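S.K.: So you can see what is in the structure, the chains are spelled out below.
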Amino acid sequence: DTAVSQTPKYLVTQMGNDKSIKCEQNLGHDTMYWYKQDSKKFLKIMFSYNNKELIINETVPNRFSPKSPDKAHLNLHINSLELGDSAVYFCASSQVRGLSGNTIYFGEGSWLTVV
Amino acid sequence: DQQVKQNSPSLSVQEGRISILNCDYTNSMFDYFLWYKKYPAEGPTFLISISSIKDKNEDGRFTVFLNKSAKHLSLHIVPSQPGDSAVYFCAASGTNAGKSTFGDGTTLTVKP
Chain A
609 DTAVSQTPKY LVTQMGNDKS IKCEQNLGHD TMYWYKQDSK KFLKIMFSYN NKELIINETV
669 PNRFSPKSPD KAHLNLHINS LELGDSAVYF CASSQVRGLS GNTIYFGEGS WLTVV
Chain B
5 DQQVKQNSPS LSVQEGRISI LNCDYTNSMF DYFLWYKKYP AEGPTFLISI SSIKDKNEDG
65 RFTVFLNKSA KHLSLHIVPS QPGDSAVYFC AASGTNAGKS TFGDGTTLTV KP
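Residue numbers (the numbering used here), protein chains in the order written: chain A, 609 to 723; chain B, 5 to 116.
Only chain A is shown next, with the shape it has when bound in the complex (with noise of 0.2 angstroms):
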């Protein structure tokens, strides 16, 4: 069983698109988040959510939209792609108060193309 799944993990688009990426975690976990890692290989935090909530937004463009319908879910939508969004995308969970205490679990990644 995939304890933080994300789809899709390969994903080529044009510049000026919309997209989603999903994401999903089994783990029963509180909080989610979203993780960007660039081309230099840097893995920076974009948002966390707790039981639907957000907690946190770094600096992100508008473009990025998180969403999270319930706290098992936190999907991710981008409007009008640019060259500089391809990256990868990870996915995270993790339980804050519970005895993993500050262990983020991570999906496998999406790899994003904007040609």
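Quick caveat, the hints were computed from the structure, so don't treat them as lab data.
As the structure is a prediction and not an experimental result, all values here were calculated from the model.
Don't take every hint at face value.
To be verified - Here are a few chain A residues that face chain B, going by a calculated C-beta distance under 10 angstroms:
| # | residue |
| --- | --- |
| 1 | LYS617 |
| 2 | TYR641 |
| 3 | LYS648 |
| 4 | PHE650 |
| 5 | LEU651 |
| 6 | ILE653 |
| 7 | PHE698 |
| 8 | CYS699 |
| 9 | ALA700 |
| 10 | THR711 |
| 11 | ILE712 |
| 12 | TYR713 |
| 13 | PHE714 |
| 14 | GLY715 |
| 15 | GLY717 |
| 16 | TRP719 |
Claimed, not checked - Computed list of lysine-lysine pairs in BS3-like fashion (alpha-carbon distance at most 27 angstroms, straight line):
| # | chain 1 | residue 1 | chain 2 | residue 2 |
| --- | --- | --- | --- | --- |
| 17 | B | LYS115 | A | LYS649 |
| 18 | A | LYS652 | B | LYS41 |
| 19 | B | LYS72 | B | LYS9 |
| 20 | A | LYS652 | A | LYS617 |
No residue lacks a Cβ here, since even glycine has one placed at the ideal position from N, Cα and C.
Add chain B to chain A, keeping to what the hints say.
M.R.: Then chain B, alone, in the frame of chain A:
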């Protein structure tokens, strides 16, 4: 301003030897430190962690050492195995896991 740094982008060791991966941080508010391992085309997976109240945590072949005064932590893998070849990320956080700050990663290659 990069608060967590892994100054060695790559490390190559012989199978059976010790691998030592280093990480430095600048934020004294960090109180929890983690190491993640990442294979190509996969997401990072949790490897080992250490709380700031400890200076050492061991799990099998993996040991993490924390030197708070130097704001430095290291991951020791002994003996190293070819399957350990991966990118290793150091991460640091305060009470909110979501604010975990990651280092750049170190690519470890263990040669048979």
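S.K.: Each hint: holds or not?
M.R.: The hints, checked one at a time:
1. LYS617: holds (8 angstroms)
2. TYR641: Holds. Min distance 6 angstroms.
3. LYS648: holds (7 angstroms)
4. PHE650: Because about 6 angstroms separates A:PHE650 from the closest Cβ in chain B, which is inside the 10 angstroms limit, the hint holds.
5. LEU651: Holds: closest Cβ of chain B sits about 4 angstroms from A:LEU651, inside 10 angstroms.
6. ILE653: At about 6 angstroms, which falls below the 10 angstroms cut-off, the nearest Cβ of chain B leaves the hint on A:ILE653 intact, so it holds.
7. PHE698: A:PHE698 check passes; min Cβ-Cβ to chain B is 5 angstroms, inside 10 angstroms.
8. CYS699: holds (8 angstroms)
9. ALA700: holds (8 angstroms)
10. THR711: This interface hint holds because 5 angstroms falls under the 10 angstroms limit.
11. ILE712: With a minimum Cβ separation of about 6 angstroms from chain B (threshold 10 angstroms), the hint on A:ILE712 holds.
12. TYR713: holds (7 angstroms)
13. PHE714: holds (3 angstroms)
14. GLY715: holds (5 angstroms)
15. GLY717: The hint holds - A:GLY717 has a Cβ within 10 angstroms of chain B, the shortest such distance being about 5 angstroms.
16. TRP719: Given a least distance of 8 angstroms, the restraint on A:TRP719 holds.
17. B:LYS115 x A:LYS649: holds (23 angstroms)
18. A:LYS652 x B:LYS41: OK: A:LYS652 and B:LYS41 at ~16 angstroms, within 27 angstroms.
19. B:LYS72 x B:LYS9: Satisfied, since the Cα-Cα distance of roughly 15 angstroms is no more than 27 angstroms.
20. A:LYS652 x A:LYS617: Roughly 19 angstroms separates the two Cα atoms, so the pair holds.
No hint from the list above goes unmet by this structure.
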